[in-house]
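The listed protein sequences derive, respectively, from chains A and B.
Numbering of the first sequence is given in my numbering, commencing with residue 1 and proceeding in unit increments.
Numbering of the second sequence is given in my numbering, commencing with residue 1 and proceeding in unit increments.
Among the hints, erroneous ones may be present.
With the Cβ distance kept under 7 Å, some of the chain B side facing chain A (calculated, not the full set) [said to hold, decoys possible]: (1) K2; (2) P6; (3) A16; (4) S17; (5) E18; (6) E20; (7) Y42; (8) Q48; (9) Q63.
Note that these hints are calculated values from the structure, not bench results.
None of the values given here were measured: they were computed from a predicted structure.
Every residue gets a Cβ at the ideal spot worked out from N, C-alpha and C, and that includes glycine.
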Amino acid sequence: MGRWIAVLMMFDSFRADSHFMSDPRTFASRSEANPDRPALVMAANRELGTKLGCRGLGWSIKCVAGGVAMHVIWVGTRKGVFKLTSAERKAWALEGPLYLGNLVYHIVRSAAGTLIMATSAGHLGPALFRSTDGGKTWVEVAAPPKFPEGEPRKRAVKHVFWLTAGPASAHGLWYAGTSPQGLFVSRDDGLTWEGVAGFNDHPNQLAWVYNDQDQTPDGGKLHSVNVDPRDVNRLLLCMSGGGVFVSDDGGRDWRPMNRGCAADFMPDPNAEYGHDPHSVVQHPANPDRYWMQNHCGIYRMDRQAGETWRRVGDHMPKHVGDIGFPMVVNPRNPDAAWVFPMDGTAVWPRTSPDGKPAVYATRDGGESWQRLDRGFPAAQAWWTVKRQAMCCDGEATAGLVLGTTSGEVWASADEGQSFACIARHLPHIYSVTVG
Amino acid sequence: MKVHIPTPLRSYTNDASEVEASGATVGELLLDLDRQFPGLRYRMVDEQQRIRPHMKVFVNGEQTFDLAHPIKATDYIHILQALSGG
């Protein structure tokens, strides 16, 4: 009883201290090859004062402002990017928008502190922006991912959908997943990018992506690029649609890894590829363990025991189901993970089931799941959470942050036991990341 | 020749709505613009050398879809982004 009182008191404090400080500014930007173009500047929050420098604290990522370690959340939306900062994960300050009017698909921070942001602007072509000062200034990447001119399939990058920073041991290594589905690599910390020919030109790649047809309405997505922290030549990526694919030789050759995963929308439900993984995470502390939120349920794989997925979502409540998009793990505990179930029945409404949003958590490898909805609306809340829009901050008592399709950011400082809305009235949220 | 720049691309031209550029074709003109304002061309033309959908180029008021379209120094080039959607 005492524990719950403590939790509730903390929650009340969380809400009472939360405030929303919207500080819209006008920004310009520049190309790295064009020093005359003014730099995009995100001025430091007035309350937080001095300039931000970033450092990693164990599993967690914080920035330092005025000598105070700060939690930072980057929120990519359909209409620009926003930044939330907090010293104690209680009161959060909102800055932005940055790049107002641009679609921001993903913002990722490397272990060394470089930030890269993937954007597109309506009918303009895509652009990557890069920051090496904690997001104070952003510079357009001069050599972004592009397919080779004149290639037989005439592919052109519509947008960069996904970014992955390599492990700390591989400084400067980044991967990008695009729409249409292509894999690109940078080995100079995001300054220049080249296609991974072993994947993009693989003789089976056209078949893996349904002959470039029948993809999602705004194009197929390559996402969830995982680099094995023990060996950077061991890679995993996902395609929606297409499935999970792995390489053991640094990307020179690839093969499907979908055994055990349902594809109940396919003529052959046991097909080798053609699946629809929504999110796959390789656990950083136990890299043989993979978690997957798939179109057809929640899965786990312990790869050393065989490359077969096991549907642990069968242990979810039947009336909620195990469909969703985000898959978030606790980096300190390979058995702990969170999902955000979505209504995937009939025509796929893509809302919270019954309009009652909830996170579900497991602490036993998916053998059981706990509903976590304290703080969320009890009913008539029809938003959901996209695949890049939920993350864990990696603190000893893990914080969980999620952004909704209705433009709210919800945060928990107690591993999801309670949530508070820390920003609202933002545009449709595409991604939420710490850093 | 003078080139009209639409608002979505003016972050590249220091907010200039009209700039000077040269070339014997529309494609050469866009290359010259990219030399002056790096990155601008890729926002208009993809890596397969296709003008992106909704990006329009007018030469003396006549629309062209062809990067090889010949132009001369006295022409006026109007770049337009046709916004769409609700």
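Hint by hint, here is what the structure shows:
1. K2: 20 Å, violated
2. P6: Violated, about 10 Å.
3. A16: Violated, about 12 Å.
4. S17: It is violated, given that the least Cβ distance between S17 (chain B) and chain A is near 15 Å, above 7 Å.
5. E18: 17 Å, violated
6. E20: It is violated, given that the least Cβ distance between E20 (chain B) and chain A is near 15 Å, above 7 Å.
7. Y42: Where the cut-off is 7 Å and the nearest Cβ of chain A is about 5 Å from Y42 (chain B), the hint holds.
8. Q48: 5 Å, holds
9. Q63: Result: violated, 16 Å to nearest chain A Cβ.
The earlier numbered hints that this structure contradicts are 1, 2, 3, 4, 5, 6, 9.
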